[in-house]
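K.L.:
Sequence:
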Amino acid sequence: MEKLIHSILAVFPTPNIEETAKYYNEVMGFRMVKYLDVKEPHICLYRDRVEIILTKANSEKIYTNRELYGYGEDSYFITDNQEALQNEFISKGAKIVRPLHITDYNNLEFVLEDIDGRWIAFGMKQK
Numbered sequence: 020m021e022k023l024i025h026s027i028l029a030v031f032p033t034p035n036i037e038e039t040a041k042y043y044n045e046v047m048g049f050r051m052v053k054y055l056d057v058k059e060p061h062i063c064l065y066r067d068r069v070e071i072i073l074t075k076a077n078s079e080k081i082y083t084n085r086e087l088y089g090y091g092e093d094s095y096f097i098t099d100n101q102e103a104l105q106n107e108f109i110s111k112g113a114k115i116v117r118p119l120h121i122t123d124y125n126n127l128e129f130v131l132e133d134i135d136g137r138w139i140a141f142g143m144k145q146k
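Under the numbering used here, the residues of the sequence shown are numbered 20 to 146, in order.
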């Protein structure tokens, strides 16, 4: 069967897109491209084959999945070398809320909390 869907990107509303972009650049190694003088201001963030778009939120508070629904991350990135990535993020000051571990659903993953309080998981299913 032909693959018709081949990627996804995350859209993160945020109270301060420049501050959030700076965090993703300095702590998580994303490259920034700013589109602040357009009808719908935003900043695109790129790392490897991942893209995140930051948009201006209508409020100063971001409501996470944990707050709205009781559990869950706000984004999950599939990664090959979780240990190296976790170590990189720690060395740059990231807040790791769940260190590298194997979950009860057999993923090797870790979870960090970004500057806006989102929990972002990095992992992959184990064989």
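Source of the hints: derived by calculation from the structure; they are not laboratory data.
A couple of the hints might just be wrong.
Stated by the list, open to error - DSS-like cross-link-like pairs, simulated, lysine-lysine; straight-line CA separation at most 27 Å: (1) Lys75 - Lys53; (2) Lys146 - Lys53; (3) Lys111 - Lys146; (4) Lys144 - Lys114; (5) Lys53 - Lys22; (6) Lys144 - Lys41; (7) Lys58 - Lys41; (8) Lys144 - Lys53; (9) Lys22 - Lys146; (10) Lys22 - Lys75; (11) Lys114 - Lys80; (12) Lys144 - Lys80; (13) Lys144 - Lys22; (14) Lys22 - Lys41; (15) Lys22 - Lys58; (16) Lys41 - Lys114; (17) Lys53 - Lys41; (18) Lys58 - Lys114; (19) Lys80 - Lys58.
K.L.:
Against this structure, judge whether each hint is valid.
P.N.:
Against the structure, the hints come out as follows:
1. For the proposed pair Lys75 and Lys53, the alpha carbon gap of about 13 Å is at most 27 Å, so the pair holds.
2. The hinted pair formed by Lys146 and Lys53 fails the criterion: a straight-line CA distance of about 40 Å is larger than 27 Å.
3. Proposed proximity of Lys111 and Lys146 is contradicted: the alpha carbons are some 31 Å apart, above 27 Å.
4. As the CA atoms of Lys144 and Lys114 are separated by approximately 23 Å, the hinted pair is consistent with the 27 Å bound.
5. Distance hint between Lys53 and Lys22 is unfulfilled; the C-alpha atoms sit about 31 Å from each other, more than 27 Å.
6. The suggested pairing of Lys144 with Lys41 is violated, with an alpha-carbon distance near 30 Å, which exceeds 27 Å.
7. Of the pairs offered as hints, the one joining Lys58 and Lys41 holds, with about 22 Å between alpha carbons and a cut-off of 27 Å not exceeded.
8. At roughly 34 Å between alpha-carbon atoms, Lys144 and Lys53 are farther apart than 27 Å, so this suggested pair is violated.
9. For the given pair, Lys22 sits about 23 Å from Lys146 by alpha-carbon distance, which is consistent with the 27 Å threshold.
10. Between the alpha carbons of Lys22 and Lys75 the distance comes to roughly 33 Å, so the proposed pair goes past 27 Å and is violated.
11. Distance restraint check for Lys114 and Lys80: the Cα-Cα separation of roughly 19 Å lies within the 27 Å cut-off, and the hinted pair is therefore satisfied.
12. Between the alpha carbons of Lys144 and Lys80 the distance comes to roughly 32 Å, so the proposed pair goes past 27 Å and is violated.
13. Of the supplied pair hints, the one linking Lys144 and Lys22 holds, its CA atoms being roughly 21 Å apart against a limit of 27 Å.
14. About 35 Å separates the Cα atoms of Lys22 and Lys41, which puts this hinted pair outside 27 Å; it is violated.
15. The suggested pairing of Lys22 with Lys58 is violated, with an alpha-carbon distance near 33 Å, which exceeds 27 Å.
16. Restraint check: the Cα-Cα separation between Lys41 and Lys114 comes to about 15 Å, which is no more than 27 Å; the hinted pair holds.
17. The straight-line distance between the Cα atoms of Lys53 and Lys41 is roughly 11 Å, inside the 27 Å bound, and the hint therefore holds.
18. Proximity of Lys58 to Lys114 is assessed by CA-CA distance (about 34 Å); at most 27 Å being required, the pair is judged violated.
19. Among the hinted pairs, Lys80 with Lys58 is consistent with the structure: their alpha-carbon atoms are about 23 Å apart, no more than 27 Å.
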